[in-house]
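Engineer: Listed below are the residues making up each chain.
Number of protein chains: 2
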Amino acid sequence: MTNKKELLVAALENGTVIDHIPSEHLFEVVSLLGLENSDNSITIGFNLESKKLGKKGIIKIADRYFHKEEIDRIALVAPNVILSMIRNFQVVEKICVELPADLVNIAKCPNPKCITNNEPMKTHFKVVNKEDGIVKCLYCERVFEKENLIIR
Amino acid sequence: MTNKKELLVAALENGTVIDHIPSEHLFEVVSLLGLENSDNSITIGFNLESKKLGKKGIIKIADRYFHKEEIDRIALVAPNVILSMIRNFQVVEKICVELPADLVNIAKCPNPKCITNNEPMKTHFKVVNKEDGIVKCLYCERVFEKENLIIR
Numbered sequence: 031m032t033n034k035k036e037l038l039v040a041a042l043e044n045g046t047v048i049d050h051i052p053s054e055h056l057f058e059v060v061s062l063l064g065l066e067n068s069d070n071s072i073t074i075g076f077n078l079e080s081k082k083l084g085k086k087g088i089i090k091i092a093d094r095y096f097h098k099e100e101i102d103r104i105a106l107v108a109p110n111v112i113l114s115m116i117r118n119f120q121v122v123e124k125i126c127v128e129l130p131a132d133l134v135n136i137a138k139c140p141n142p143k144c145i146t147n148n149e150p151m152k153t154h155f156k157v158v159n160k161e162d163g164i165v166k167c168l169y170c171e172r173v174f175e176k177e178n179l180i181i182r
Numbered sequence: 031m032t033n034k035k036e037l038l039v040a041a042l043e044n045g046t047v048i049d050h051i052p053s054e055h056l057f058e059v060v061s062l063l064g065l066e067n068s069d070n071s072i073t074i075g076f077n078l079e080s081k082k083l084g085k086k087g088i089i090k091i092a093d094r095y096f097h098k099e100e101i102d103r104i105a106l107v108a109p110n111v112i113l114s115m116i117r118n119f120q121v122v123e124k125i126c127v128e129l130p131a132d133l134v135n136i137a138k139c140p141n142p143k144c145i146t147n148n149e150p151m152k153t154h155f156k157v158v159n160k161e162d163g164i165v166k167c168l169y170c171e172r173v174f175e176k177e178n179l180i181i182r
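From first to last, the protein sequence lines stand for chains A and B.
Going by the working numbering, the final residue of the first sequence carries number 182, and the count climbs one at a time with no gaps.
Going by the working numbering, the final residue of the second sequence carries number 182, and the count climbs one at a time with no gaps.
Think of the hints as simulated: they come from the structure by calculation, not from any bench.
Some clues are possibly wrong.
Since the list gives no way to pick out one identical chain from another, each pair is judged satisfied if it fits inside one copy or across any two copies.
To be verified - In silico lysine to aspartate or glutamate, EDC-like type, Cα no more than 20 angstroms apart, as pairs: (1) K81 / D69; (2) K81 / E171; (3) K85 / D69; (4) K86 / E99; (5) K143 / E128; (6) K82 / D69; (7) K98 / E79.
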């Protein structure tokens with residue numbers, strides 16, 4: 031069965047596996063992490079069967095690990111995804127991504143009059159309700175649902 | 031080595047494998063085929079090592095086969111990709127995608143004055159030089175490089 035063998039994707043020796051991504055957010059996560067312009071070998075699974083999510087996505091990136099800020103960007107569109115850091119085929123660390131308490135310079139404020147949209151400065155939102163994804167801009171003090179933020 | 035097993039992606043039982051996609055066009059092909067909105071299980075490999083292309087991409091779509099018009103759209107951005115139709119783990123047909131002689135209603139004419147941009151009608155280009163990807167609009171008769179066409 032040479033065909034069968036040819037169709038297998040190799041296991042990840044070193045890198046990051048991002049798992050349990052809701053399928054509808056998979057390509058958003060790809061784009062948020064800038065993976066289209068990456069030089070790393072990447073495997074993506076889309077609409078895979080998942081007992082928990084119905085359909086899920088998974089991304090495996092060889093030889094790359096992510097910073098906290100990058101993980102926070104993912105949290106904004108797809109909280110509860112699981113990042114596994116792989117070294118020598120073994121999971122050495124697992125992170126369950128969750129919305130952090132503060133979102134610093136990750137998203138634009140939807141209020142056009144907010145000073146952060148009119149001065150060259152970092153944005154800063156406090157997450158006031160993690161379950162429902164409610165955030166508050168520290169500058170204009172307006173409250174938004176996280177779905178309405180525009181990721182920078 | 032349960033970790034290793036978990037990271038393998040299953041072979042395709044039925045569906046289409048699109049192979050030898052130049053990496054820089056991989057996400058364009060995903061988008062041209064509308065795969066982001068597909069319900070099929072899809073596996074994507076990006077920046078995989080290839081002797082012929084340096085880095086290549088591969089897309090495997092379960093339980094889906096493509097029409098000629100869809101394949102012609104791929105040909106416009108990524109000629110020479112290879113489509114394999116899989117049934118019961120076996121390749122039953124292989125197509126080497128090439129630019130067809132006629133591109134009917136696949137791309138917009140870059141000439142804003144062309145009648146096809148001003149009337150509700152199909153566009154039609156003749157490929158006048160396949161190697162260099164030179165096409166001619168049958169209506170305004172202007173000649174373009176295929177890279178300058180805007181895919182509909």
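Engineer: For each hint, tell me whether it holds in the structure or not.
Structural biologist: Against the structure, the hints come out as follows:
no. : hint        : result
1   : K81 / D69   : between (33 angstroms within a copy, 16 angstroms between copies)
2   : K81 / E171  : neither (40 angstroms within a copy, 56 angstroms between copies)
3   : K85 / D69   : between (28 angstroms within a copy, 9 angstroms between copies)
4   : K86 / E99   : neither (23 angstroms within a copy, 29 angstroms between copies)
5   : K143 / E128 : neither (29 angstroms within a copy, 52 angstroms between copies)
6   : K82 / D69   : between (32 angstroms within a copy, 17 angstroms between copies)
7   : K98 / E79   : neither (29 angstroms within a copy, 29 angstroms between copies)
Against the hints set out earlier in the document, violations occur for numbers 2, 4, 5 and 7.
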